[in-house]
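Please put together the full structure from these sequences, using the hints given.
Chains as they are written, first to last, in the working numbering: chain A, 1467 to 1582; chain B, 6 to 403.
Just so you know, the hints here were simulated from the structure itself, not pulled from any lab data. All values reported here derive from a predicted model rather than from experimental measurement. Beta carbons: idealized from backbone N, C-alpha and C, even for Gly.
Residues from chain A that face chain B, not an exhaustive set, calculated with beta carbons under 8 Å: (1) Thr1468; (2) Asp1554; (3) Leu1555; (4) Asp1556; (5) Pro1577.
The list that follows gives simulated cross-link-like pairs (lysine-lysine, DSS-like), each with its CA atoms no further than 30 Å apart: (6) Lys1526(A) with Lys1541(A); (7) Lys1564(A) with Lys163(B); (8) Lys1541(A) with Lys163(B); (9) Lys82(B) with Lys163(B).
One side only, chain B facing chain A, incomplete, derived with CB under 10 Å: (10) His118; (11) Pro119; (12) Ile164.
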Amino acid sequence: MTYYLLSVVTPTDGTPPGPDEMAQIMRNVEAFNQELRDAGAWVFAGGLHSPDTATVLRPKGADILVSDGPYAEGKEYLGGLSLIRAHDLDAALEWGRKAVRAIGLPVEVRPFVDSH
Amino acid sequence: MADAVDVEAVFRSEYGRAVSVLVRFLGDIDLAEEAVQDAFATAVQRWPETGVPPSPAGWIITTARNRAIDRLRREAKRDERQAEATLLNTPDAPAEEGPVRDDRLRLIFTCCHPALATPAQVALTLRLLGGLTTPQIARAFLVPEPTMAQRLVRAKAKIRDARIPYRLPRDADLPDRLQGVLAVVYLIFNQGYEGTPELTSEALRLGRLLTDLMPDEPEAVGLLALMLLVDSRRDARQDEHGELVPLPEQDRARWNRELIAEGQSLVRRCLRRNQPGPYQIQAAIQAVHSDAATAEATDWGQILSLYDQLTAFTPSPVVALNRAVAVAETEGPRRALDLVDALDLDGYHVFHAVRADLLRRLGRDTEAVRAYETAVERAESPAERAFLERRRRELLRT
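So this is what it looks like as structure tokens:
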């Protein structure tokens, strides 16, 4: 078994979904998480607040500097993530497809080091 | 007597088979390649004395397997626990037939996994199944050698780290995944067509392998037929100065009848099956050309209706351009030029070459000369440039 991170790629300047659409997405995500749990593939999942809420810490000599985030401005940001267990990439991509269908945004699938 | 040539011949035909078996056995592509290369190095030393064994492939696979076990044992002294764990998972002696055929198919699907970028798929397929060296692949694709080496290393690392599986796709995924494999083989063929003959023969080898392993996939058969029919004109396609000779001007006596017969019989097999697809239709178009004893005898009506079918499958501007060539023969160059001018293919040299030819036939020489000039600028192969240059000069003379 390998652990994979499914990252939800959220556009920075996209129009956020309306309340009805958002409610539908939340229902989809809940169903997706339940399916992961039933299959024994679920490890952790969650949505993230916007990048504006981020705070960055960086090393400076012996000190650590605190500054307002995000670390890097980009056209996309990490909107949410799901940590799953899967036998191989094909199985992980199958979960990734379901995540894309649930959320309607691109999803990046990436393996963890040395987890099998 | 065995000499270097025998080992070389076995290497070309059996490298992919041996690597695919060893990948299953070892679960690691790099280890599999090292083991198989070790085995061939041993063959170069031994075979001149012992003669080529009755089953060269079997000998290579068994030797590679033993070499791999030796290597793991040596490493076991250094890192006992890890190597033992690997050995525990190794099945018994690899069988030679049956599963081996599936191993090569597994390896093709792993190399052509959609999670890998197309250039990486092509490079891996040539490296692992064709046994081409990194410098050979780099030269064929006009890429610096370190770039190609890095591409291969990166692709193999992704297969390992992301756990791209070494198995056949599920039935539900097979049509899509097969499309990817066929596209890689056709890309290799086309690169060969542009002037690297070793890639052409490698693509044909892969095409035959796919039809052997998946005889029920009509598109695999269609691709092989297409490649055979195009390749049948290899000797007629260039003149003695290395200049491209276009289809209507080719000396048809120089077409390879054997390849044509094989290609046409595959096309008939596809027609009987009646599950058409883009490669089968393109093969059928080539078969119509092959049928014609002279350029004038070409059944352009049938070619046009095949292009109509192809358009329904793959409505791309390039297909529309080729269809327009058939329209020029059935309905005249004026109608064809209207179709061509509506296409957005400015970067593609063939677009300008076709336009130039149509303008020339319509007597619009000044425009034709300009179109030939653009085509020459865009063309990459020296053979094509030479042909287009000659056409341009001929127009200037009149």
